[in-house]
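Asks: So the chains spell out like this:
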Amino acid sequence: MSRFLLHRLLQSLVVLFLMSFVIYWLMGLMPGDPIDLMISADPKITSEDAARLRALYGLDKPITERYLNWLGAAVGGDFGFSRLYAKPVPEALLPALANTVRLLGITLFLSLLIGLPAGMAAAIRPYSKTDYTINLLAFAGISLPAFWLALLLIIVFSVFLGVLPAGGVAALGGDGFWDQAKYLVLPVANLTIASVGGHTRYMRAAMIEALRQDYIRTARAKGAGPARVVLGHALRNALIPVVTIVSLDFGFLFSGALITETVFAYPGMGKLIFDAIMGNDYNLALVALLFVTLLILIGNLLADLAYAWLDPRISYR
Amino acid sequence: MRGPMADTAESMMALALKRFRRHRLAIAGAVVLAVLASLAATAPLIATILGLDWEAVDLLNRFAPSSAAHPLGTDELGRDLFIRLLYGGRISLLVGLTATVVAALIGTAIGLLAGFYGGRLDALLMRFTDSVIALPLLPLLIVLAAVDLDKLGLPPSLVQSQYVSLYRIIAIVALVGWTTVARLVRGAALTIRERDFVLSARGYGAGGFRIMTVHILPNLISPVIVATTLSVGNVILLESVLSFLGLGIQPPIPSWGNLLTNAQELIWTAPGLAMWPGMLIFITVIALNFLGDGLQDALDPKATD
Numbered sequence: 000m001s002r003f004l005l006h007r008l009l010q011s012l013v014v015l016f017l018m019s020f021v022i023y024w025l026m027g028l029m030p031g032d033p034i035d036l037m038i039s040a041d042p043k044i045t046s047e048d049a050a051r052l053r054a055l056y057g058l059d060k061p062i063t064e065r066y067l068n069w070l071g072a073a074v075g076g077d078f079g080f081s082r083l084y085a086k087p088v089p090e091a092l093l094p095a096l097a098n099t100v101r102l103l104g105i106t107l108f109l110s111l112l113i114g115l116p117a118g119m120a121a122a123i124r125p126y127s128k129t130d131y132t133i134n135l136l137a138f139a140g141i142s143l144p145a146f147w148l149a150l151l152l153i154i155v156f157s158v159f160l161g162v163l164p165a166g167g168v169a170a171l172g173g174d175g176f177w178d179q180a181k182y183l184v185l186p187v188a189n190l191t192i193a194s195v196g197g198h199t200r201y202m203r204a205a206m207i208e209a210l211r212q213d214y215i216r217t218a219r220a221k222g223a224g225p226a227r228v229v230l231g232h233a234l235r236n237a238l239i240p241v242v243t244i245v246s247l248d249f250g251f252l253f254s255g256a257l258i259t260e261t262v263f264a265y266p267g268m269g270k271l272i273f274d275a276i277m278g279n280d281y282n283l284a285l286v287a288l289l290f291v292t293l294l295i296l297i298g299n300l301l302a303d304l305a306y307a308w309l310d311p312r313i314s315y316r
Numbered sequence: 000m001r002g003p004m005a006d007t008a009e010s011m012m013a014l015a016l017k018r019f020r021r022h023r024l025a026i027a028g029a030v031v032l033a034v035l036a037s038l039a040a041t042a043p044l045i046a047t048i049l050g051l052d053w054e055a056v057d058l059l060n061r062f063a064p065s066s067a068a069h070p071l072g073t074d075e076l077g078r079d080l081f082i083r084l085l086y087g088g089r090i091s092l093l094v095g096l097t098a099t100v101v102a103a104l105i106g107t108a109i110g111l112l113a114g115f116y117g118g119r120l121d122a123l124l125m126r127f128t129d130s131v132i133a134l135p136l137l138p139l140l141i142v143l144a145a146v147d148l149d150k151l152g153l154p155p156s157l158v159q160s161q162y163v164s165l166y167r168i169i170a171i172v173a174l175v176g177w178t179t180v181a182r183l184v185r186g187a188a189l190t191i192r193e194r195d196f197v198l199s200a201r202g203y204g205a206g207g208f209r210i211m212t213v214h215i216l217p218n219l220i221s222p223v224i225v226a227t228t229l230s231v232g233n234v235i236l237l238e239s240v241l242s243f244l245g246l247g248i249q250p251p252i253p254s255w256g257n258l259l260t261n262a263q264e265l266i267w268t269a270p271g272l273a274m275w276p277g278m279l280i281f282i283t284v285i286a287l288n289f290l291g292d293g294l295q296d297a298l299d300p301k302a303t304d
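Read top to bottom, the protein sequences are chains A and B. If you read the first sequence in numbering that gives the first Met the number 0, its first letter stands for residue 0, the second for the next number, and so on. If you read the second sequence in numbering that gives the first Met the number 0, its first letter stands for residue 0, the second for the next number, and so on.
There could be a bad hint or two in this list.
[Claimed, not checked] The list that follows gives simulated cross-link-like pairs (lysine-lysine, DSBU-like), each with its CA atoms no further than 35 Å apart: (1) LYS17/B - LYS60/A; (2) LYS60/A - LYS128/A; (3) LYS60/A - LYS43/A; (4) LYS128/A - LYS17/B; (5) LYS86/A - LYS17/B; (6) LYS43/A - LYS150/B; (7) LYS60/A - LYS86/A; (8) LYS43/A - LYS86/A; (9) LYS86/A - LYS181/A.
Don't read these hints as lab results, they were simulated from the structure.
With these hints in hand, go ahead and build the complete structure from the sequences.
Replies: If you want it as structure tokens, here you go:
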């Protein structure tokens, strides 16, 4: 068990390390470097000044050297300064992280709460009317462009009905529970609709597979009722692949969060990364992207642990 | 030369066709896609017949409701919405298909190498694939879409080309879209390489490349077709969201994604503009998903009757 996990941990670290270099390199290829930005802010800077500043900040050095300098500072806890937020990067990052965790936490909970039972209901009688309807809805959810759904929700609930805010978080002075909650309703609804179809399909496929096994026939032969067969015998085994796929989906879920947060102007990590890339805030974009990658890798590792806990047949040596 | 093998192959195709025909949603999907594709393909002809132009600005006729002259009304510059949707469909479908085909080629190559050689190469390639799947792809695509192509050292003739946003989005979407195909192909290749005809090919001395291309590849066609069909939908969604965020297809070239960018800005003045482009993306993607699902059932060798 520990050896397998150590192996996975090392692999995750390698991925993170490679990602950090690739993203660092890509950031260097973005239009305009920090000195260009200074020049545009102050037309009196001469080209000699610019060259001197580039040397001063080490921007004339080769990419590997710059990267190692950055890595050294980052490992030492210095993540640089965010241009956009005029704060050190971690201070800009943490509030956004809290907002995204709240958004994704509620979404994942709701999506599994709806998707897993729906998938089970579809799998109990494959190709029945129920299965057909659930499948149709799941496919519709998967195929909906999340940003379009967001626009539709805004049009219906904000433009026409005027009952929910089109974006943002609680207005000044509005600290009550409902004041805050009403800004979450549309983003959560949007992201839940976008992810529940996938969860339903995973659960359906896993349950159909589990119900095909020999021990299910044995359980039925013993006289166990349908509810007992599904909930007592098949569910636990069906959940194993579902846990893996759901955890592998964190990256996808975060991509959905980026779209949702951007359309609803919800100040989370997704919108922060998008704004940082668009606003030439390279320090922030780099650290935020790596941080999200780190969280996703940790999520995948936890799924490996859950896998072993759910399935005692799996031993990681 | 019609040996027993040919008959088996034919009856397998017949069986697959039979299974496919039962899948009513898949057939509906195929029909819808055929209609959309022919509308997009004949867009210039339709424009000529209706006497409309996708670029023609008519500032006296902004936000016009649907009428005989403008079937779906006009946008904020008085341009005809219907024709812009058709032209946008050309771009979106073209990008979706091209990027998926490129991605399928990459995925097939990676999956074939991993499945055929196995061992360390397989472990390495599959760890790589798993890592790509786990990454937060959309922010990465945004970074790739924002990169300054001049700094990459690409020739200026390409960078300044009118269609550079088209080439760029095809390239970056293909760069991340190959994983599904790679995994499916690898799985299939793993089982096929143990089959008797592969062993006998080895026996008469065929090399690795020959076995992969001549003996294994033709047997991978059904998983590749299924995975590719299911990927096109995702690719179209990715293209549309990147274009929506202003990083994909650049105006004035219309795409379903960037038509919605306008719609978002005008959501309080003209909420109707958001309806059609999104509806077309939705219909296309769901049709592709139904088609892929039907093909999966029809081409599954384990399926009965």
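Asks: Which numbered hints does this structure break?
Replies: Numbers 1, 2, 5 - these are the hints that the structure violates, sorted from lowest upward.
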